[in-house]
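Colleague: Residue numbers (the UniProt record's numbering), protein chains in the order written: chain A, 1 to 430; chain B, 1 to 543; chain C, 1 to 361; chain D, 1 to 280.
If you're looking for bench data, these hints aren't it; they were derived computationally from the structure. Note that the structure is a prediction, hence the values are computed from the model and not measured. In this text, a Cβ means the ideal position worked out from N, Cα and C, and glycines have one as well. Possibly wrong hints are sitting among the right ones.
With a straight-line Cα cutoff of 30 Å, these simulated BS3-like cross-link-like pairs (lysine-lysine) come out [stated by the list, open to error]:
no., chain 1, residue 1, chain 2, residue 2
1, A, 226, B, 48
2, B, 528, D, 84
3, C, 192, A, 339
4, D, 84, C, 230
5, C, 192, A, 403
6, A, 273, B, 45
7, C, 192, A, 96
8, B, 114, A, 305
9, A, 225, B, 244
10, B, 48, A, 273
11, A, 226, B, 244
12, A, 165, B, 114
13, C, 320, A, 98
14, A, 305, B, 118
15, B, 244, A, 219
16, C, 192, A, 98
17, C, 230, D, 245
Some chain D residues near chain C, calculated using beta-carbon distances under 10 Å [said to hold, decoys possible]:
no., residue
18, 107
19, 113
20, 134
21, 135
22, 143
23, 149
24, 150
25, 190
The primary structure of each chain is shown beneath.
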Amino acid sequence: MTKTKRFASASALAAALSFGITALANAADTIKVGILHSLSGTMAISETTLKDTMLMLIDEQNKKGGLLGKQLEAVVVDPASNWPLFAEKARELIEKDKVAAVFGCWTSVSRKSVLPVFEELNGLLFYPVQYEGEESSKNVFYTGAAPNQQAIPAVDYLMDDLEVKRWVLAGTDYVYPRTTNKILEAYLKSKGVAEEDIMINYTPFGHSDWQSIVSEIKKFGSAGKKTAVVSTINGDANVPFYKELGNQGLSSEDIPVVAFSVGEEELSGIDTKPLVGHLAAWNYFMSVDTPENEAFIDTWHGFIKNDDRVTNDPMEAHYIGFNLWTQAVEKAGSTDTDKVVEAIIGLETPNLTGGKAVMLKNHHITKPVLIGEIQDDGQFAVVWETDAEVPGDAWSDFLPGSKDIVADWTPPISCGNYNSVTKKCSGQNY
Amino acid sequence: MPTRLLRSPLSALRLWLLVALALCAFAQAALAGSAELEQGIALIKTNKYDQVEEGVTLVASSRDPRAVGLLAALQDSDLYLRKADGRLFIATRSDAGYDLIDPLTQAPAGTAGKRDLKRIRINNRLRSQLRTAVATLNLTHPEASVRLAAVNEMLDRLDADSLALLRDLAGDEKNAEVRAGMTAAIALADLNADEPARRIEALDQLEGNLHPAVQGGIQRLLDREQDEAVRATAERVLEGLQFKRDLYGFAETLFFGLSLGSVLVLAAIGLAITFGVMGVINMAHGELIMLGAYTTYIVQQLMPEHIGLALFLAIPAAFVVSGAVGILIERGVIRFLYGRPLETLLATFGISLILQQLVRTLISPQNVPVANPDWMSGSWQINSVLSLTMNRMYIIAFCLIVFTALYLVMRRTSLGLQVRAVSQNRAMARAMGVRSARVDALTFGLGSGIAGVAGVALSQLTNVGPNLGQSYIIDSFMVVVFGGVGNLWGTLVAGMSLGVVNKILEPWAGAVLAKILVLIFIILFIQKRPRGLFPQKGRAAEG
Amino acid sequence: MRLGTLHLDRGGQIFLALLALTTLLVPILNLAVPADSPLHVSTFTVTLLGKYLTYALLAIAVDLVWGYLGILSLGHGAFFALGGYAMGMYLMRQIGDRGVYGNPELPDFMVFLNWQELPWFWHGFDMFWFAALMVMLVPGALAFVFGWLAFRSRVTGVYLSIITQALTYALMLAFFRNEMGFGGNNGLTDFKDLLGFDLQSDATRIGLFIASALAVAGGYLACRTIVTSKLGRVTVAIRDAESRTRFIGYRVERFKLWVFTFSAVLAGIAGALYVPQVGIINPGEFSPINSIEIVVWVAIGGRATLYGAVLGALLVNYGKTYLTGVMPDAWLFALGGLFVLVTLLLPQGIAGLLRRKEATA
Amino acid sequence: MKTLDTLRTTMRRDQVWEIMVPKTGLELDISHGTILYLEDISVTFDGFRAIDRLNLYIDAGELRCIIGPNGAGKTTMMDIITGKTRPDTGTAWFGQTIDLLRLSEPEIASVGIGRKFQKPTVFEHHSVMENLELAMAADKRVWPTLVARLTPEQHARIDAVLETIGLQAHRARRAGALSHGQKQWLEIGMLLMQDPHLLLVDEPVAGMTHQEMDRTAELLKSLAGRHTVVVVEHDMDFVRSIANKVTVLHQGSVLAEGTMDEVQNDARVIEVYLGGDEGH
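Using the sequences plus the hints, can you model the full thing?
Modeller: This is the structure:
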């Protein structure tokens, strides 16, 4: 009489075991590329686009004949905005699906969650989002901006061109804004800005009621000195923030806001009329007029079958990362991690803004810094840009803990965390 | 301002222009003005930031009455260059492309396609300059309200020439309010006067003026003032200002609290029906709100020309959509689960996952844009420190209307009577001839429909995306439980008081800590009153 | 009666037998069988199974209070996370000077935020016994204080559920704050070793897997002992007719308090075993949705059976792992649909279905 | 204001805090022959006066019936005695020494007051025997309950009660599967297991057949003497068959008291039962 039950329990367990045992061995004819972006949960808003971007890039590459004579095959998984699940999925991609490289992650915490997995299993991760720095792993390539490629140039612009004297550093309470604001605070003070001219404010994720904070900013800004807000507010909490700014009558002429997390995609969710003139600092804007960009946008519209879709900075980062990876694989003649890691350093590929992206020894890349003003059509007009590409700096010079640390993945140092004073390499997992 | 002028390589020219402006102010030399206008327009046509800047200065200094229209259009980014002949036009989008207007004569000048025109780009620096320029020109505008706005605008950026202009105009000004504004500006400048008596006089004139520039000015005066008498007066005036400020600040906090409370009440009130009256732990409530917000988006997409009207139409549409989905959920799932309230939680949780993913799949995983009609944006300026934002006022009003309507439905209609009967004693109600199945479906539909209506309101405040519901569901449950399950008044009072408490705590505790404190407060409050603010009393509540 | 707590518990017997079998087989198949053999169990699977087992223990804890005491806790994720944080703090301290900044005293995130010294509540976590004690003490104490307040004033039903939800929500917001000293949004991560064993090595993973299996078995037997004792009959009496139980002389609030606290301690242990296996603990674990999900596992497996809770936890999580890989765009439909269908068609959960089959066979 | 007062009382230096005062006098003292004193009790629900200055005395060992129309306050009165409802005013003493208003429900149960509810509430998921076991007088604290095992004497006692209530054949059956009348008896059995001094029995024969009713009457009568029994009942025939003293409640206070014949001939009682529109 208990046969059924026993059978059911047994089969549940057998099922649980089976997916581990049946390791697929048919990876010979294709090269697998893992895509690790959340397709559900809170981060799906931003990350789904990157999944589509990767599918498009892989598709294009296959049309060009693939890589090393093989077709590329995308393996898409959904880590569902759940950080432990990121680690699990990363392990699944490397260990079970045997992917050659993974393109993925958005938030810092998701990267931190998968980092030990990539280092343990010697996988490859291309991380496409601007981040707080203070990290350089052998197995990760950071194709987004480090703080010195976004925050500091933006502040320079505000200081020199808009003569801003008083600063509001507003951010979401997590590690990227915290670090960026720490760096900026140190930087501003080094430029002679007084303590009382800096206001720092943190809000939780998805904060939607900005009335009090905007009112405080308004008061802070009415002291007679030109005031600006440097916003590290996370993605879509910006929309109600900007709406409140507009409603309380703070225009970009009164108090300009420069944001590091607001791009075309975030703006496509709002009516940008009240935001015209606010700023964003990125390494790419959709409005940049270059043939490469035009081609990229056309391909994107064709792939996604919707001409209203926008492109943004992390998409460009994936574009660069993917091109660098394919080049490195071709150069190394193999998808083996160690060979690719060795081959990729020093490679360069055109970016979409008319320059070149070079993979540096610290696994970051060179990027131009552009500052754009929001237009009423949801696009940015570039008002300032750096003369040349800025090399990404993994360890900030403005933080006391990291100013002596450098990352260099070429011999003799071969370390992401090398203390140039004590000549020691610390914090590595092997 | 003057120091900056000297930095530029063109400073000599500018200095000359400055003199010219001063001359113009007195002489009204129309001919010279129009020459400057021409010259300025030529510079604007170059479409290079620094040259446009020069051009704007020239156009503004022409004091030509035609300049205002041109500059205002440039400020709004409506000024275009026709590629064919290099002429400037004000262009507005129309069906056929763009309708053109001559910027100087304001006469219609035909139409043009998108590719025929090139917009004159402006940046922040230019916008700032344009604002001052337009304000200066508007000081002589025939409309008093425009002049007032211009004066207030200029208080922030007083310099030698604008002051000279204000002194000149103040005497002739007929409108009392505008004149008061001008006097204040002059007084503000007089704070820097050499004679202490004039400083005191200026202080007296500024007493009670809440404009932020005034406080800053007096503060700076105090920082350097040596004269005791002036110091005393300044301190007294400042103290008075501070008191007023605190008072208005409190009013503002209260307003913020009420508007946050209204959002909470709107989000929770549908739940007060489905959860409070029917006992269904409806985890899909947030997604019903989300559907309402998406309905707003779709209605707006259907009639992009009439954003405001679409918003009004969205209210019944959202009610119907969310209500229908609600009825579907009730008939399909919940009706099998009456008497098992905790299991409704599981089923509706599943439904909420499905609805979220459905929206992601059918519409887009990204947020969708919902436009605010013009009358929703901006604020009602009561004085320089207190302004109430329009959208929040509409939300408060809307919340009260929805509440009243719902209250009347529950109290005055036969549906309401039947709902209350069924919720109190299902068997008895059925014996009395109430078709309880129909009532259940309608009640759940009503609660869901109200959630949809709340979604319309929220679409005006926050992001419309698949996660919209998630961010409100927990707060909604807190409000309903805090107010007392099954009591509409409780929901209203609870939502409003939580909103106000949150906003009072926020300035000193920060947004996160304030929210944590409110949650702890709710937990402790429930210990004290295990059935909420307004518990249902007597035998009916037992068991 | 005295045949032992497993008497008349066929589900439990089978579950424990299978658990013992798995615990024996998996290490052998992982360590002794060569990787290219079809019988080889990958380390990925081992960690995954270990993770599922900690979830199973958590589900048992929830089933104890929900199935047998009628307290629908929507905040058990908080106890799980607190246990996890206590373990995470120990693992952080174990990193020592191997962190990126090489600071022997402070964890990386504190160096990062310019903290000069270790906050007081981090002291002691460098010792395993202390951390292990805290794993049980912190969730237990929180549950005790919370329960003492809530049960004393007779907060019941949905009111109780909602304030447990408020509790975990408040904790989530608090732990998100970087000022709290728990690493903010990033939480605690980058662990190196546990009691001197390298966390990345297969042997340690197997060890953790076995520890989790033992914890689940121990937790199961402990709960089973409770529910088959007279205490268990009292809790069921409380679940079914609380005021009646009071009228025959039981101090309901004390029974609730102790069982609730015990359940929280179990959840804490589950969290402590979870963290070294997934390698990260962050405030997301406090999210109210997570706690609701735990309840869903129990409901799917079958309330008030204990082994049903295990079954539900394993099944839903395996489903999640499988479906997020196979149909990343549509897995939520499947999961959501499953929740709805199980509630409608299987009010007793899968365990109920098995029992019914057994009865008709 | 109220919190201020509480604070003030709490902070008074001449008093020991209430929680620290040991609860004295939990031994029942019926030396005056009266087991229950309800004096001047009033309760109001939402403005409705459920109990209005009620005075009621029950003698030790008596079997008292309480009748009255719906809404007369019968169940509310029981709620007050068992601690479920707290009165607005008045006092309730159990014997000479025990102030019921200061005790919680379990404490009241443990000093020796048992209650059977109007709607039979047995523990449906437990077997008949387990129901009795739970009700049995024993150490009812948490830890002793966890380690409790049934002794042979306790087994014998359960068997005895099972026989009294005639459910020996159903001892292993789930209580939820019993018939309505059986549940009523099981509940009385649970009362017996508690071995209380005072039994409060709310409508014991509702829904019973005549035969069952007779058996119940026998049972209750046999209990009187050793226990004090208070029965609330609607069924006049049943009341007549068991009671020697009857109390009539009306609008929350005592309308009449005496033997069945006396109250039936009382003009006010007739008025209430026949003249009023809320007749039964």
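Colleague: Tell me the numbers of any earlier hints that the structure contravenes, in ascending order.
Modeller: Numbers 12 and 17 - these are the hints that the structure violates, sorted from lowest upward.
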